[in-house]
Each structure stands twice: as structure tokens, then as C-alpha cells.
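Participant: Here the protein sequences line up with chains U and D, keeping their order.
The first sequence runs 14 to 186 under this note's numbering.
The second sequence runs 4 to 373 under this note's numbering.
Keep in mind that a hint or two might mislead.
What the hints assert, rightly or not - Label-pair restraints from in silico Cβ distances:
(1) U:Pro162 - D:Glu7: 24 to 32 Å
(2) D:Asp332 - U:Leu133: 18 to 26 Å
(3) D:Ser264 - U:Lys76: 25 to 33 Å
(4) D:Glu241 - U:Ile125: 43 to 51 Å
(5) D:Gly348 - U:Lys76: 44 to 52 Å
(6) D:Asp286 - U:Glu136: 25 to 33 Å
(7) U:Met161 - D:Phe364: 24 to 32 Å
(8) U:Arg182 - D:Glu230: 39 to 47 Å
(9) U:His18 - D:Ala365: 47 to 55 Å
Unchecked claim - Incomplete in silico selection of chain U near chain D, CB under 8 Å:
(10) Leu47
(11) Glu57
(12) Ile125
(13) Ile127
(14) Leu130
(15) Lys132
(16) Leu163
(17) Met177
(18) Arg178
Think of the hints as simulated: they come from the structure by calculation, not from any bench.
The beta-carbon is built from N, C-alpha and C at its ideal position, and this holds for glycine as well.
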Amino acid sequence: MQLHHHIEALKKKDRSAFEAIYHETRHAVYAMALGVVKDRFLAEDIMQVTYMKMVENIHAYDKGKKFINWLLTIAKNEALDTLRRRRQETAVDGSANEDLFLGRDMEEEKRIEIEELMKLLSETEKTIVLLKTVADLRHKDIAEILGMPLGTVIWKYNKALKAMRREGRREET
Amino acid sequence: MKKEKIEKMLREGIRDTTPDVLAAIDLETIEIKKPEKQSPFSRWKRPVFIGSLATASLALVVLFVMFLLPFEDPFTPPGNGNGVPIAFDEKEEVYTLSAFSAVSLLDRMEEGNLRHAPSFALLSSPGPSMAFTGQNAGYLIDRELDTLTQYLAVIEPIISGKDAMQFTLSESPREEYTYMMVFQSKNLRGMIIEETIHYNRIETGDDEYRLEGIMEKGATTYSVIAELEIEEDGFELELYAHHPSEEDTYIKVEQEIEEDSQTFEYEYVVRGDTVFESTLEIDFDDEEIEIELTYETATKEVEFEIIRFQEESAFRLHIEYEIDTGDFDEEGVIIVSIIYDAEEGIHKYRFAITIEDETSFARTRPYPDS
Numbered sequence: 014m015q016l017h018h019h020i021e022a023l024k025k026k027d028r029s030a031f032e033a034i035y036h037e038t039r040h041a042v043y044a045m046a047l048g049v050v051k052d053r054f055l056a057e058d059i060m061q062v063t064y065m066k067m068v069e070n071i072h073a074y075d076k077g078k079k080f081i082n083w084l085l086t087i088a089k090n091e092a093l094d095t096l097r098r099r100r101q102e103t104a105v106d107g108s109a110n111e112d113l114f115l116g117r118d119m120e121e122e123k124r125i126e127i128e129e130l131m132k133l134l135s136e137t138e139k140t141i142v143l144l145k146t147v148a149d150l151r152h153k154d155i156a157e158i159l160g161m162p163l164g165t166v167i168w169k170y171n172k173a174l175k176a177m178r179r180e181g182r183r184e185e186t
Numbered sequence: 004m005k006k007e008k009i010e011k012m013l014r015e016g017i018r019d020t021t022p023d024v025l026a027a028i029d030l031e032t033i034e035i036k037k038p039e040k041q042s043p044f045s046r047w048k049r050p051v052f053i054g055s056l057a058t059a060s061l062a063l064v065v066l067f068v069m070f071l072l073p074f075e076d077p078f079t080p081p082g083n084g085n086g087v088p089i090a091f092d093e094k095e096e097v098y099t100l101s102a103f104s105a106v107s108l109l110d111r112m113e114e115g116n117l118r119h120a121p122s123f124a125l126l127s128s129p130g131p132s133m134a135f136t137g138q139n140a141g142y143l144i145d146r147e148l149d150t151l152t153q154y155l156a157v158i159e160p161i162i163s164g165k166d167a168m169q170f171t172l173s174e175s176p177r178e179e180y181t182y183m184m185v186f187q188s189k190n191l192r193g194m195i196i197e198e199t200i201h202y203n204r205i206e207t208g209d210d211e212y213r214l215e216g217i218m219e220k221g222a223t224t225y226s227v228i229a230e231l232e233i234e235e236d237g238f239e240l241e242l243y244a245h246h247p248s249e250e251d252t253y254i255k256v257e258q259e260i261e262e263d264s265q266t267f268e269y270e271y272v273v274r275g276d277t278v279f280e281s282t283l284e285i286d287f288d289d290e291e292i293e294i295e296l297t298y299e300t301a302t303k304e305v306e307f308e309i310i311r312f313q314e315e316s317a318f319r320l321h322i323e324y325e326i327d328t329g330d331f332d333e334e335g336v337i338i339v340s341i342i343y344d345a346e347e348g349i350h351k352y353r354f355a356i357t358i359e360d361e362t363s364f365a366r367t368r369p370y371p372d373s
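Given the sequences, and given the hints that come with them, work out the whole structure.
Facilitator: Listed below in C-alpha cells is the structure:
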């Protein structure tokens, strides 16, 4: 069934339509959240809230626009709000989460390799790289969601990949 | 580490650990907000509405003028001589696009005398003197710019997008051919490119056709013969574009078309010997088109990934490249723009190149229509 049929069905709280949309988009939503907050537990909470807000506001979705862009904008805003709240709390209690980017359930060697590569990137580069590789978005959509010029997104993505490749090659030798 | 490997590692790594929150969401407890009721005009901001009104008025004037002028629909084929309209068929577009790309390449290779250049030598052919000898010979990309420029003639009209490409089928004015297909698109300068092919179509089996025709480039006429097979999910085509005076000099194209992608495999044969092979893969997404050009010669493997983008109202190409000579590996990014050289009075391609070590430099090549 086409996405727009699922969206129409979701307006009537159709569970199977919701599940279809969820399975189609969950990696992208997680990548968006993780790219902003860099904490997998927070990203998981953001995922949950994002899908709830998606259902709540499904009538506000403009059919003329790409659904995934609309959904990821919700995820981005939720992640930024979470990050803002988190920073305020951290400033009060002094604690900070580290090494939470990926789960322990991932193969250790692979986890360390990805963590090391991602450390090379700036905050924006991380988000762009995750949206491109994990969410499989086009540069143009990433530019729209992040509100950046297309040329900047393309440039930052290539710069990030280049830095990771250089590091990967250094490790290989 | 290869770019693809990093992308795959990230994709799989993050996807494998994506949490599943489905069970935590209870649809029944979520209250869906009702759609906001709007008056027909409330969703338009005033300037937009006024702009729309102006556009609508202009459209009415244009329509009025159109009805006053003698009407001729440029997109309706005039028929095949016996009053029956010629059916517009996608397989004809496939043939035309393939013929266009093959003839453009063949024409440029002949024109630029590139059939003798080192870039066009296959694995067994060149002597040691042709091999790249190291960093002291300059950047590897410098040796590929002529080849890349040849391909841009093929790439530019395709990367302009599905909407820019137009195919018009009509009866051929040439006695020996039944059909004429005109292919129109735009280049990076926004200028219209037009190519015409005259041909006959012979049905050779169930969903199998042989197409024989000619395409003119300036004063040269190339013959283009194709075998086309229609499959459930796309097309497969094998086409030969022949040099007009040398029968055993030609370009063979194997083209495969699926819903969102097209692959062209080119083989350039000079006097019976294959001297160059390349692959052009075109991925159509809704609005973005990505083209991957790869070729392999005696001394190197070359890969270009090409995307068109708009900057300050001008179209440019963003190209990532990788050249591997076995001993050396060079990667970089090229931004291609069109500039006007006032001194020479011609347009040129400007290649702004940034190598992996962040060295930047620029090169130019004459633009094809200059």
C-alpha cells in the first residue's frame, strides 16, 4: 500500500498503517535523534515522542511535501528541545553522559571503530553523515530539514567522509 | 578505507542498534488534533495571494492570445501519412537516448582525436612510456580532465532532469525512414540542446524490436542500429553507433533501464580493436539525479560521482573522484561551473579541484558549444 494510504488510515488510528509507517521510517528518525543528542537512551525517548507527535498532528501534514522531511523535522525539534533541557539539567547536577553514542549490544570492535570515526566529526557533520548513510536521505532533503544550503551539506558530507577515510586508512596501516 | 565501506559500516552499525519503541506507543491514548478549519483565503499570506492573482491574470492574457493565434500543437505527431497517429512509445525514447549518448561520445572522441590518447588505452595496449610515473608527473586528475570533458557532453542534458528532457515523435521527412524522434534537453548554461534521429522499427519477436536509423552531428551522419527487448520491469538495449567512413570503428552501448535507474555500458572499438570501456550509471530520484562514471585502462581505475546543484541561480556539478593507479591513489572533489573567457571570447568549463590533502587549484577546458 502507498504511503499516502497509510497516512489516511492513520487519521482513523489504524494500527497496521501506523506500524507500516514506523517500520519504513524508524532508522531515519533514530539517526536524526542520535545525530543531535549523541546519546542512545535520549534518542530512544525522542523516537517515542516523535511518533506520538506524528500521530497527534497527522492532520497538519501537508500532502504537497515529503512525509519523511516533515517527520524528521518533528524529530529534530524534539531532539533540540531535549538537548536544551538536558544542558540546563547538566549545568545543575554537573553530570554528563559519555560513551553512550552506541549500545554495548553492538559488536565491540565495530562499536569502537564507529565511535572513533564519529569523534572526528563536528556536531553538524555527524548529523549530516547519519542522515545520509543511515536514513538514506538525499543531500537536498538533508539541506531542507536542517535549513542549510545544499552546497554546504554536500561539502560537509564529503569533508566528513574524507576525514573518516583518512583515519580508517591510517588505522589499516 | 573505501568510502562505500565507511558508509556501509555506519549504516549497518546504527541500523542494527536502532531501538524498537513500537510496543511503547499506545495509539488509543493519543488524541489526534482535528484539522484547523480555514477560509479559502486564510492559508494564503497576502503577498502570495496578490502574486497568485497577478500570475492568474497573466495566464488569462496568454490564453486569450493563444486563441487568437492560429493553433498548432507542437507535441502532437502529424501522423504517418495515412491518417493514423504514430503512437508515442517509451521504447523509442530509450533508443533515442542511447543513440544520442553513443553518437555524442563517438563524435567527441573523433573530434578530439582522443582515440589515440593514453586514457583510452585498455589493459593490454599501452607501452611503459604511457604509464603514469608518479607524483612528479603532476596530479592524476589532470590526465583525466579531457576524458571527463568528453563525457560531460553526454551527462549535461541527462542530469538536467526528467522534466527537462523532451522526446517528440513524428513522421520522418526522409523517404527511407518512417519515424523521426527529436530529443530536447538543456545544458548547464540553460541552453536547449536538440538532437534528431530518423529510423525504422522492425518487430523481431514478442516484445523484441530492431531499430535502424541515422543521427546527424554537424556534417557527419552516424548510423545507429539497436536490438531492444522489453521486459516486465524495464528495457534492455544493445546499440551500435558507427563511424561513417570506417566500418569497424564504432561505439557499442548496452543499456539497461529500470524504474529509477539506467546503466549504459560503452565499448569504443577502433578499427576492430576495443580501446576503451566505460560505465555510466544514472540514478533518478524524485528531484536529484546522481551519475556515476567509471572506466578502467591499462594503468588506472577511475570513478566519478556527479550531482548537479544550484548556487546563486547558476547550475554547477559537484563531482567526487577517485583514481587508482595501483601505486598511487588520488581522491578529490571537483566543482564544475561555466565561465565566460572575455579575452578569448568563449565559454569554458571551470574545474575547481580540491585534492584529498586539501590542495586546491583550478583548470579550464573549452565548453562544447563555444
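Participant: Tell me the numbers of any earlier hints that the structure contravenes, in ascending order.
Facilitator: Hints 12 and 15 are the ones this structure does not satisfy, whereas the remaining hints hold.
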